[in-house]
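**Student:** Listed here are the chains, written in short residue letters.
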Amino acid sequence: VIPDIYYLTLSAVLFTLGIVGVVIRRNPLVIFMSIELALNAANLALVAFSQRSGSPEGQTLVLFVMAVAAAEVAVGLAIIVAIFRVRHRLNIDDLSLMRW
Amino acid sequence: MALAAFVVIATVAVASALGLILRRNPVHGALFLVVNLGSIAALYLMMGYEFLAFAQIIVYAGAIMVLFLFAIFVLIPGKEETGPDPLRTWRLLAAPLGAMLLVELALVVAVRRTAPGPLAPAPSAQAGLALLFTDYLLPFELTSVLLLAGMVGVLLLARRRA
Chain A
1 VIPDIYYLTL SAVLFTLGIV GVVIRRNPLV IFMSIELALN AANLALVAFS QRSGSPEGQT
61 LVLFVMAVAA AEVAVGLAII VAIFRVRHRL NIDDLSLMRW
Chain B
1 MALAAFVVIA TVAVASALGL ILRRNPVHGA LFLVVNLGSI AALYLMMGYE FLAFAQIIVY
61 AGAIMVLFLF AIFVLIPGKE ETGPDPLRTW RLLAAPLGAM LLVELALVVA VRRTAPGPLA
121 PAPSAQAGLA LLFTDYLLPF ELTSVLLLAG MVGVLLLARR RA
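Chains A and B are the protein sequences, given in the same order.
Reminder that position 44 of the first sequence reads as 44 in my numbering, one-by-one numbering, no gaps.
Reminder that position 21 of the second sequence reads as 21 in my numbering, one-by-one numbering, no gaps.
Rather than coming from a laboratory, the hints here were simulated on the basis of the structure.
The reader is advised that the hints may include incorrect statements.
FRET-style restraints, in silico, Cβ to Cβ [as the list claims (entries may be wrong)]:
| id | chain 1 | residue 1 | chain 2 | residue 2 | range |
| --- | --- | --- | --- | --- | --- |
| 1 | B | Arg24 | A | Asp94 | 14 to 20 Å |
| 2 | A | Asp94 | B | Gln126 | 22 to 28 Å |
| 3 | A | Arg99 | B | Leu45 | 39 to 45 Å |
| 4 | A | Asp93 | B | Glu50 | 21 to 27 Å |
| 5 | A | Leu97 | B | Ala2 | 47 to 53 Å |
| 6 | A | Ala82 | B | Val8 | 29 to 35 Å |
Chain A stretches covered by chain B per the calculated footprint, using a threshold of three residues with CB under 8 Å from any CB of chain B [claimed, not checked]:
| id | stretch |
| --- | --- |
| 7 | 29-40 |
| 8 | 62-70 |
| 9 | 74-86 |
Here are some chain B residues pointing at chain A (derived, C-beta under 10 Å) [said to hold, decoys possible]:
| id | residue |
| --- | --- |
| 10 | Phe6 |
| 11 | Val8 |
| 12 | Ile9 |
| 13 | Ala13 |
| 14 | Val14 |
| 15 | Ala30 |
| 16 | Val59 |
| 17 | Met65 |
| 18 | Ile72 |
| 19 | Leu105 |
| 20 | Gln126 |
| 21 | Arg160 |
Because the structure is a prediction, the values reported are computed rather than measured.
We treat Cβ as the ideally placed atom computed from N, Cα and C, and that holds for glycine.
Bound conformation, chain A alone (with noise of 0.2 Å):
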């Protein structure tokens, strides 16, 4: 059985690389990509929680994330579409409406 520090310590990288995924890129989709990458490095490391402390609750709520990201993806990919219609262009420095 492998420890669950080498679950947790994957589930550390992924959400690095996924959180520097977010700031590094100008396209909303890859950044949006990325953002999934996060999401289900929290997922790894609450399943590898679960599995040490014997609590079966980790699982019940990594199905909860799912679907919250279900709905999160149709959602935000629509209000992609949505901006991309107005602006016909695809890059996330022009957005900066709402930028203090």
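Chain B: place on chain A using the hints.
**Tutor:** Coordinates of chain B only, in the frame set by chain A:
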């Protein structure tokens, strides 16, 4: 044996994550993300959570990534992210800041509680699912409301202005 399998799967996962954030073409990124989600499903299988593994493949690698590919094909007429990056100097900060984040997460993982070995026997794969219909029945039902709200919201957003 299990350790070797873990190392292989973890390498695939990290490499595909790097592919996602470094390749310019978003279609390649989406395919790399499919590989990444599949490798995490393989890890769930290794831990003995078959249902989670297949839910991961069906929901994430199946439904969500198909949605992403549809959006990419609708939105991207050609190559994306070409031309000079006006904020390049700022984006270079991502490397040290990402390293800091990784160190912080590693510290959290390293200095957590010191009890050696598992505290309790690992829960069975069914235990987490049974909770959905007992303790977490209300959140489970609310999930359906959330999905319905998401669907209605998408219809509203995708409607063309008359």
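**Student:** Now tell me, hint by hint, if it's right for this structure.
**Tutor:** Each hint tested on the structure:
no., hint, in the structure
1, B/Arg24 with A/Asp94: 14 to 20 Å, "holds, 18 Å"
2, A/Asp94 with B/Gln126: 22 to 28 Å, "violated, 49 Å"
3, A/Arg99 with B/Leu45: 39 to 45 Å, "holds, 44 Å"
4, A/Asp93 with B/Glu50: 21 to 27 Å, "violated, 43 Å"
5, A/Leu97 with B/Ala2: 47 to 53 Å, "holds, 51 Å"
6, A/Ala82 with B/Val8: 29 to 35 Å, "violated, 42 Å"
7, 29-40, "holds (count 8)"
8, 62-70, "holds (count 8)"
9, 74-86, "holds (count 9)"
10, Phe6, "holds, 5 Å"
11, Val8, "violated, 12 Å"
12, Ile9, "holds, 9 Å"
13, Ala13, "holds, 6 Å"
14, Val14, "holds, 6 Å"
15, Ala30, "holds, 6 Å"
16, Val59, "holds, 5 Å"
17, Met65, "holds, 9 Å"
18, Ile72, "holds, 6 Å"
19, Leu105, "holds, 4 Å"
20, Gln126, "holds, 8 Å"
21, Arg160, "holds, 8 Å"
Going through the hint list in order, the structure does not satisfy hints 2, 4, 6, 11.
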